[in-house]
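Number of protein chains: 2
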Amino acid sequence: MVAMLSGLLLAGAHGQQAVLNVMPLPANVQARDGALTVDANFSVAVTGYSEARLERAVTRFRRELARQTGLVWKREALGVAKTETAKAASGTSATSGATLTIHTGHASAAIQELGEDESYTLEVTPVGATLTAETPLGAMHGLQTFLQLVAVTPDGFAAPAVTIQDKPRFPWRGLMIDSGRHFMPLEILKRNIDGMEAVKMNVFHWHLSENQGFRIESKKFPRLHEMGSDGFYYTQEEVRELIEYARDRGIRVVPEFDVPGHSTAWLVGYPELGSGPGPYEIERKWGIFDPAFDPTNEKTYKFLNEFVGEMAKLFPDHFFHVGGDEVNGKEWDANAKIQAFIKANGLKNDAGLQAYFNKKLQAIIAKHGKSMVGWDEVLTPDLPKDIVIQSWRGQDSLAAAAKQGFRGILSSGYYLDLGWSAARHYAVDPTSGAAAPLAPEENARILGGEACMWSEYVNSENVDSRIWPRNAAIAERLWSPQSVTDVASMYARMDAESARLEWLGLTHRTYYRQMLQRIAGRSAAPQEEAALRVLADVVEPVKDYAREQLAATEPTSGTSLNRVVDAVALESDTARRFNELVDKYVAASCKDDDAGNELRAQLIRWRDNDPAIESLAQKSFLVKEVVPVSQDLATLGKIGVFAMDYLILGSQPPAAWRNDQSAVLTDVSKPNAQLLLMPLAGVQKLVNATGGATACGAK
Amino acid sequence: MVAMLSGLLLAGAHGQQAVLNVMPLPANVQARDGALTVDANFSVAVTGYSEARLERAVTRFRRELARQTGLVWKREALGVAKTETAKAASGTSATSGATLTIHTGHASAAIQELGEDESYTLEVTPVGATLTAETPLGAMHGLQTFLQLVAVTPDGFAAPAVTIQDKPRFPWRGLMIDSGRHFMPLEILKRNIDGMEAVKMNVFHWHLSENQGFRIESKKFPRLHEMGSDGFYYTQEEVRELIEYARDRGIRVVPEFDVPGHSTAWLVGYPELGSGPGPYEIERKWGIFDPAFDPTNEKTYKFLNEFVGEMAKLFPDHFFHVGGDEVNGKEWDANAKIQAFIKANGLKNDAGLQAYFNKKLQAIIAKHGKSMVGWDEVLTPDLPKDIVIQSWRGQDSLAAAAKQGFRGILSSGYYLDLGWSAARHYAVDPTSGAAAPLAPEENARILGGEACMWSEYVNSENVDSRIWPRNAAIAERLWSPQSVTDVASMYARMDAESARLEWLGLTHRTYYRQMLQRIAGRSAAPQEEAALRVLADVVEPVKDYAREQLAATEPTSGTSLNRVVDAVALESDTARRFNELVDKYVAASCKDDDAGNELRAQLIRWRDNDPAIESLAQKSFLVKEVVPVSQDLATLGKIGVFAMDYLILGSQPPAAWRNDQSAVLTDVSKPNAQLLLMPLAGVQKLVNATGGATACGAK
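In order, the protein sequence lines correspond to chains E and A. Okay, so the first sequence: first residue is 0 according to numbering that gives the first Met the number 0, each after it adds one. Okay, so the second sequence: first residue is 0 according to numbering that gives the first Met the number 0, each after it adds one.
A couple of the hints might just be wrong.
Covered stretches of chain A, as calculated for chain E (at least 3 residues, CB under 8 Å) [claimed, not checked]: (1) 49-57; (2) 104-116.
The calculated lysine-lysine pairs, modelled on DSSO-like cross-linking and capped at a C-alpha distance of 27 Å, are [to be verified]: (3) A/Lys301 - E/Lys189; (4) E/Lys347 - E/Lys218; (5) E/Lys542 - E/Lys684; (6) A/Lys73 - A/Lys284; (7) A/Lys336 - A/Lys384; (8) A/Lys218 - A/Lys189; (9) E/Lys359 - E/Lys347; (10) A/Lys336 - A/Lys218; (11) E/Lys623 - A/Lys623; (12) E/Lys347 - E/Lys312; (13) E/Lys284 - A/Lys73; (14) E/Lys73 - A/Lys623; (15) A/Lys366 - A/Lys384; (16) A/Lys402 - A/Lys301; (17) E/Lys73 - A/Lys73.
Derived by calculation from the structure, the hints in this document are not laboratory data. Glycine residues also receive a C-beta, built at the ideal position from the N, C-alpha and C atoms.
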């Protein structure tokens with residue numbers, strides 16, 4: 000049993016402490032002895048309160064468990080699965096003998112509310128498992144935990160015996176997807192909602208309008224979607240389908256309709272509501288643009304009142320997001336009537352005008368029974384305290400809002416499109432930084448956070464890879480106790496979860512090989528394809544907003560996203576592991592020869608990779624642009640191999656050598672083709688380690 | 000332009016002659032100078048006859064071209080795609096300036112018929128392309144050819160200038176999928192129909208009933224699907240949807256309802272039609288079983304008449320498959336009433352009784368306006384000549400049928416489940432062997448062939464990989480001129496097509512890594528996962544029907560298909576390339592040191608791969624069973640490296656060494672875990688080459 004347990008309990012092969020392969024890590028875990036076998040006889044009984052949603056969750060659970068394991072359930076194979084489901088539906092199935100018994104206390108709210116009980120207790124013993132929860136929300140979370148526990152062992156599939164008492168740290172754990180800049184077909188949203196369920200997120204924030212597209216059917220104002228979407232919008236029927244899909248997975252859907260800025264696409268069909276002379280056209284570029292609603296025009300509020308009324312009926316959630324970010328004020332400044340209004344009403348400036356707009360908008364939202372959510376620009380002290388501030392410009396605004404009595408959620412630090420590492424996102428805590436010294440009642444106003452997937456450089460093909468697996472690290476930050484901060488453990492569990500997410504249909508891994516194949520072309524030789532993979536495996540797109548700055552031609556919504564920069568992961572696993580191994584090697588005074596040889600072999604591969612890339616570049620324009628990157632990788636490999644030779648032999652290069660190499664590495668650090676070579680840090684450390692003052696150099 | 004052309008025209012990196020990257024290879028190809036750029040401005044005009052199906056095909060074509068290239072069509076991005084489609088729909092769009100102009104002569108038949116005109120001419124020039132076809136069927140084939148022509152070049156995407164005149168060799172080019180033994184969800188069938196369209200197959204043969212399942216809703220006899228399917232069946236609405244889907248792609252749908260044998264699942268709900276005492280239960284095992292309809296019972300014909308009537312209305316195709324294979328006669332032999340009937344009617348034996356049954360059944364099929372198709376067991380001279388014989392037991396029956404005046408299609412040699420190589424399938428020609436000496440009018444009765452995917456060891460997860468890419472080789476055999484037989488060219492083009500098929504959603508490549516990940520488990524170290532991949536890449540499942548014979552416990556429909564044997568490809572690319580390289584190396588008298596070093600490096604990898612597998616086997620029962628295979632691979636590697644050392648150094652081992660190694664290799668040739676080590680042949684050749692009598696040994 001020890002062997003089995005070690006297989007189940009070790010999160011990975013990176014030598015960190017034994018820990019359950021669960022992500023997010025539960026609040027309380029107690030390992031027990033033994034394990035519960037999961038085989039074709041696996042059965043589930045539902046006791047206590049039940050409902051159709053919970054039964055569907057159990058059906059989904061069984062399907063996912065079958066996918067993960069490849070098992071064929073015996074009774075299903077024998078044609079009695081339906082009977083069992085029917086039994087479960089009646090809530091009367093006998094628990095005796097069921098492998099997993101679920102007991103739920105009572106229903107959750109008819110419309111999922113912020114702060115509902117999501118807790119659960121999962122007890123796995125060698126003879127059976129029990130999942131207990133107050134509501135179906137907790138039960139569904141517990142089922143996901145169980146799925147993560149199941150692993151292959153020397154004797155079959157099994158879940159380790161364990162007692163888990165779990166509940167979320169924050170009640171608002173969201174993912175925002177921008178359907179405005181690039182339209183995201185419904186199936187893509189659905190599989191991402193599956194992914195959210197897997198990591199226990201509970202708010203899908205749907206960014207539905209942008210300068211580049213108005214993405215939802217309005218029956219009251221059909222010119223919104225007809226003229227503002229290029230034909231790419233969600234019908235109201237699809238929206239209802241998605242809301243139901245999300246509710247089935249314990250996930251609220253908060254729609255965002257961004258006003259008064261980011262609103263070009265609205266104004267294409269309704270130019271009379273804009274602050275400029277019009278006409279307006281759907282924006283094709285990225286950035287901050289001038290078009291804005293006219294806050295001085297009563298028609299604007301009449302329109303918004305009717306529109307919000309329509310959408311408030313469609314979206315059952317209590318929260319309604321109005322955007323409010325990045326109004327550049329240019330149309331307002333250029334409009335004499337608006338400037339006169341500002342003066343006449345003592346509003347001081349554009350910010351005052353936006354505050355005026357927000358106040359009137361908030362009244363409309365409230366009238367339709369909702370609480371308003373806005374980006375942190377909407378924060379002004381005189382708004383009612385039931386609004387929620389979504390902080391994106393920094394943690395200060397979150398703390399400021401809490402101090403003023405507003406609730407808030409953090410997105411600053413959780414922008415998935417900026418290409419940060421999972422570790423960097425993971426280190427961002429909603430109640431740290433400016434929020435750390437808050438009083439308890441202020442602290443309680445921090446509801447959680449949201450990962451944001453803005454879609455300038457993201458389309459149907461690569462969006463999953465820009466969200467996953469890094470989003471799992473953010474999900475853990477928002478669910479698990481604040482004390483859960485071990486980065487090595489996080490990565491090991493995230494790797495495991497990333498593999499599991501594929502069974503849900505997420506394409507964050509599969510897209511990669513396909514895109515590289517397209518880039519290499521069909522006449523690529525196998526060794527050329529392999530070389531492209533070696534290169535692509537160690538580069539990342541430039542970070543933050545550098546991609547705009549480095550673009551040769553201004554990118555638009557018509558720009559093809561088929562380049563190497565669009566294909567590679569936002570975080571390179573290979574480079575991360577290399578850099579980790581360098582740290583380990585140097586920390587061990589460069590005496591670990593196994594690690595040393597592994598590093599050297601890796602560096603040789605990089606050093607010798609370029610000829611195949613050069614040859615491939617003769618055939619493919621998509622490879623041509625990464626030739627300088629490939630040459631830099633060769634340089635990196637060459638310098639690294641030299642450094643390793645010094646370190647392995649225990650000899651020292653002259654100090655000038657280190658300086659020369661460091662200068663070359665500084666050159667290599669400059670992006671090419673919007674790509675960064677991620678093993679650079681590790682190679683620099685190896686070069687540094689050759690110095691006589693270091694433990695390695697003195698060897 | 001030469002560089003661009005060479006990129007487009009070379010089928011691969013294997014050094015064979017320059018050839019278009021098109022599969023199946025067209026009847027006539029003439030290369031021209033230059034190439035047609037495919038960029039965001041790419042436009043399509045439809046002239047001449049048009050219809051909604053053709054417009055949908057053009058829309059699909061544009062989508063697939065966008066997927067293949069990652070391009071964003073300019074006008075679509077600008078929101079005018081719909082206008083263009085509307086124009087195309089009216090058939091009036093101006094052709095001037097369109098990148099691709101399609102001209103279609105007239106409609107095809109309302110219900111697709113055998114032998115309709117499927118020809119097309121595709122002319123690609125540097126300034127535009129023209130696709131001309133008599134019917135939409137030909138136009139759709141031409142669109143697929145165009146998609147295959149487009150490739151990445153140093154200057155962007157392009158199609159080489161070329162003139163293609165193309166038409167199929169055979170009018171019946173089919174793929175059969177067995178939905179009986181393992182139910183195949185509709186989406187899986189759809190993507191396989193997409194694959195069929197890509198390689199110009201035109202008949203989907205849908206095996207809908209088996210001992211293990213009756214898979215279609217019958218409104219007349221609901222106990223068929225209710226009691227015979229475990230709940231896994233297609234509704235009639237789904238069937239209509241699939242037929243429409245197939246018609247949109249130029250594919251006929253021929254249903255098969257297998258009688259009088261293979262019929263257990265029918266008899267579960269209607270035991271009174273069986274020849275045994277009943278009751279019947281859905282069969283869980285694989286093989287040939289006793290249950291059979293009672294041909295002496297008039298109720299049988301009344302039932303079949305009504306059932307065929309219902310299905311004949313549902314399936315518009317003129318052909319109706321009645322199975323007729325593998326009646327073991329045991330129920331008939333054990334039934335005194337049936338034996339008395341045989342005697343009373345002078346039917347001689349069970350075969351005579353089946354012929355009697357077939358004759359009555361054929362009359363029923365004909366009455367409902369259809370032509371009967373049956374497996375070759377139904378062949379008896381006194382049946383009407385409009386029936387079609389599907390030859391599965393050998394080519395002789397096809398020739399015999401043709402001589403007797405029957406039409407026939409070949410499936411012997413095209414059984415995808417037997418695990419043959421693409422080359423072996425490719426070598427099977429419907430008019431070779433026994434059919435070669437036929438007279439022209441007999442020869443004309445050979446309509447083509449069908450690949451067959453029987454599903455004992457195939458489920459939703461791995462079915463695509465069992466069909467593709469090998470099915471493309473069969474598709475080429477049935478479409479291209481008989482003279483097209485270059486195996487190296489076939490493999491190079493099949494590799495390219497295999498990559499392209501992924502853009503259609505086929506999972507024949509992506510499933511592999513996921514299944515291996517499941518087998519390795521989440522606690523596998525990266526190097527252990529890599530080792531499993533090295534091993535899995537060079538093994539294939541045992542061939543033909545050996546899997547049953549080697550099973551430790553009898554497999555059933557409840558057996559999990561999650562083992563290494565279920566994950567690995569039916570044809571190992573890695574082993575094939577290794578064996579090809581050995582041939583090349585030996586043919587060059589072992590003087591090609593580059594090839595020699597590549598072989599040696601590969602062999603070293605195999606020799607040293609086992610420790611990681613042994614370690615992984617400590618964690619996963621799914622790996623444990625392949626440890627002997629891994630040890631054999633190590634042996635293979637060790638012997639191969641020794642042989643290479645002799646060959647590279649030009650020294651000779653003692654003859655005893657060769658004998659000893661050959662004995663060991665004979666041992667290695669025995670399957671373990673139902674797997675074969677495919678590089679064995681190459682290693683044996685290297686060992687042989689060390690002999691003094693060979694060019695290598697004498698070096």
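Taking the hints in turn, this is what the structure says about them:
1. 49-57: Contact hint for the region 49-57 of chain A vs chain E: violated, 0 residues under 8 Å.
2. 104-116: As far as the region 104-116 of chain A goes, the hint is violated, because 0 residues have Cβ atoms under 8 Å from chain E.
3. A/Lys301 - E/Lys189: Not OK: A/Lys301 and E/Lys189 at ~48 Å, beyond 27 Å, violated.
4. E/Lys347 - E/Lys218: violated (38 Å)
5. E/Lys542 - E/Lys684: Answer holds: E/Lys542 to E/Lys684 is near 22 Å, not above 27 Å.
6. A/Lys73 - A/Lys284: violated (56 Å)
7. A/Lys336 - A/Lys384: violated (32 Å)
8. A/Lys218 - A/Lys189: holds (24 Å)
9. E/Lys359 - E/Lys347: holds (17 Å)
10. A/Lys336 - A/Lys218: Cα-Cα ~31 Å, so violated.
11. E/Lys623 - A/Lys623: violated (45 Å)
12. E/Lys347 - E/Lys312: violated (36 Å)
13. E/Lys284 - A/Lys73: OK: E/Lys284 and A/Lys73 at ~14 Å, within 27 Å.
14. E/Lys73 - A/Lys623: holds (24 Å)
15. A/Lys366 - A/Lys384: Distance ~15 Å between A/Lys366 and A/Lys384 Cα, so the pair holds.
16. A/Lys402 - A/Lys301: violated (33 Å)
17. E/Lys73 - A/Lys73: violated (53 Å)
When the structure is compared with the earlier hints, violations turn up for hints 1, 2, 3, 4, 6, 7, 10, 11, 12, 16, 17 and for no others.
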